[in-house]
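Build out the structure end to end from the sequences listed, making use of the hints.
Spelled out from the first residue to the last, the chains are:
There are 2 protein chains.
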Amino acid sequence: MNYPKGIKKTNNINPVTKETSYKNRGMTLEADINISNEYYREIDKAYIYKKPTPIKITKVDYPSRDKATIKEAFFTVPSTTDYNGIYKGHYIDFEAKETKSKTSFTLSNIHPHQIKHLENIERHKGISFLIIRFTVLNETYLLPTKQLMNYLETSSKKSIPLSYFKENAYLIKDSYNPRIDYLKIVDHLMEVKQ
Amino acid sequence: MNYPKGIKKTNNINPVTKETSYKNRGMTLEADINISNEYYREIDKAYIYKKPTPIKITKVDYPSRDKATIKEAFFTVPSTTDYNGIYKGHYIDFEAKETKSKTSFTLSNIHPHQIKHLENIERHKGISFLIIRFTVLNETYLLPTKQLMNYLETSSKKSIPLSYFKENAYLIKDSYNPRIDYLKIVDHLMEVKQ
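So the protein lines, in turn, are chains A and B.
This note's numbering numbers the first residue of the first sequence as 34 and each following residue consecutively.
This note's numbering numbers the first residue of the second sequence as 34 and each following residue consecutively.
Hints listed in this document are in silico derivations from the structure and should not be mistaken for laboratory results.
Warning: the hint list may mix true and false statements.
Identical copies carry no separate label here, and so any pair may be met within one copy or between two of them.
To be verified - Okay, derived cross-link-like pairs now, DSSO-like style, lysine-lysine, Cα gap no bigger than 30 angstroms in a straight line:
(1) Lys100 with Lys133
(2) Lys78 with Lys226
(3) Lys179 with Lys199
(4) Lys217 with Lys206
(5) Lys190 with Lys92
(6) Lys190 with Lys89
(7) Lys190 with Lys158
(8) Lys206 with Lys226
(9) Lys100 with Lys199
(10) Lys149 with Lys179
(11) Lys100 with Lys191
(12) Lys199 with Lys104
(13) Lys89 with Lys78
(14) Lys226 with Lys89
(15) Lys133 with Lys179
(16) Lys149 with Lys100
(17) Lys104 with Lys217
All values reported here derive from a predicted model rather than from experimental measurement.
The structure is reproduced here in structure tokens:
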């Protein structure tokens, strides 16, 4: 589970190991996408945002009108994907995940209703996909929903092998600005659809 | 500020008055929109969701991998609007607000960057609008962003009078299912744009 920036764990297990592993892998996929989306907005190219983390709030301290503090809340299962927005008049929707595996992406990382959601978007003429990063290999792929569905319909495996990404997904190259230019691939997807 | 369902205020001021006022006005606009969006999804008409409440999490208790509890968090100013999604291949985006006033809607209820966001969406060929309910009158209006911008450009007032809604917005009639059929008006907006 990814937690937003600035979280303090009150019960931090093994903080040294954690810190080291973050240093090694550089920026997270989420940070790369957020900074790319900011860049797209700055140049008035696309308006794509990350949705807030879905939580269930169970206790709020409310000492005065403007000073509400949430005192108890829980992370809940998201009903949709993390990112959506508009590009060239098209509805864009995607989920992004990292894996430490060098060989495959485990499908249990995506909730079944998120896959259903991506399929709904595609059927209603939106553009939906997964962005998957193999962190150890430093390879980031855009897998269109159509190719994801093809895999799910023909395979009973619980993970998608790297080879399937190499053949059916698009490698997103790192760049300076935007850090990951996934809209370049979306341009291609639009061309193919027309 | 609207809090999600099921919130317990640990410091509840005047609970009797609150309860009475809720009984009088029936379901909130937010509840009506959520139930309408659920209906649209059930009949595979549109996929429009409310975004989670944006919060800044500052403390998480993390006793084991699956049992994270947020122990401190704050409501933050949303960077976008509350609702977005897809309908007939179009990107839909809107903000919804209630007012107790019988004569006008105070503009300070909408953050300036939310207005900017609605404008961005419109410029990029999405369909964006406000849904404003005058709770005492039990009248709910859909105000397209274009008409909102027209008002802001020609008036220096800090609120939009009800008369402007009557002349430039669309009254959304209550119905059983969906409770507020705002997509009927979106259909009309699409026709006008073509």
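Here is what the structure says about each hint:
Taking identical chains as interchangeable, the C-alpha atoms of lysine 100 and lysine 133 lie at most 30 angstroms apart only when they sit on different chains, with a minimum of 22 angstroms there against 41 angstroms within one chain. Taking the closest pair of Cα atoms, lysine 78 and lysine 226 come within 30 angstroms of each other both inside a single copy (20 angstroms) and across two copies (22 angstroms). Taking the shortest alpha-carbon separations for lysine 179 and lysine 199, only the intra-copy value of 15 angstroms comes in at or below 30 angstroms, while the best inter-copy value is 45 angstroms. Within a single copy, lysine 217 and lysine 206 get their C-alpha atoms as close as 10 angstroms, which meets the 30 angstroms cut-off; across copies the closest is 43 angstroms, which misses it.
Proximity of lysine 190 to lysine 92 under the C-alpha cut-off of 30 angstroms is found in neither arrangement, the shortest distances being 42 angstroms within a copy and 38 angstroms between copies. In this homomeric assembly, lysine 190 and lysine 89 never come within 30 angstroms of each other (Cα to Cα): the closest approach is 33 angstroms inside a single copy and 38 angstroms across copies. When the C-alpha separation of lysine 190 and lysine 158 is checked against a cutoff of 30 angstroms, the pair qualifies only within one copy, where the shortest distance is 28 angstroms, while the shortest distance between copies is 40 angstroms. In this assembly of identical chains, the alpha carbons of lysine 206 and lysine 226 lie at most 30 angstroms apart only when taken from the same copy (23 angstroms versus 38 angstroms across copies).
In this assembly of identical chains, the alpha carbons of lysine 100 and lysine 199 never lie at most 30 angstroms apart, being 51 angstroms within a copy and 36 angstroms across copies at closest. With identical chains, the CA atoms of lysine 149 and lysine 179 are at most 30 angstroms apart within one copy only, with a shortest distance of 12 angstroms there and 34 angstroms across copies. For a Cα distance limit of 30 angstroms, the shortest separation of lysine 100 from lysine 191 across copies, 25 angstroms, qualifies, whereas the shortest one inside one copy, 46 angstroms, does not. Proximity of lysine 199 and lysine 104 under a CA criterion of 30 angstroms is satisfied in neither setting, with 46 angstroms inside one chain copy and 43 angstroms between copies.
Only between protomers do lysine 89 and lysine 78 lie at most 30 angstroms apart by alpha-carbon distance; the minimum there is 28 angstroms, versus 34 angstroms within a single protomer. In this assembly of identical chains, the alpha carbons of lysine 226 and lysine 89 never lie at most 30 angstroms apart, being 39 angstroms within a copy and 39 angstroms across copies at closest. Within a single copy, lysine 133 and lysine 179 get their C-alpha atoms as close as 25 angstroms, which meets the 30 angstroms cut-off; across copies the closest is 47 angstroms, which misses it. In this assembly of identical chains, lysine 149 and lysine 100 lie within 30 angstroms of each other by CA distance solely across copies; the values are 26 angstroms between and 39 angstroms within a copy.
With identical chains, the CA atoms of lysine 104 and lysine 217 are never at most 30 angstroms apart, being 43 angstroms at best within one copy and 41 angstroms at best between copies.
Hint compliance for this structure: hints 5, 6, 9, 12, 14, 17 are not met, and every other hint is.
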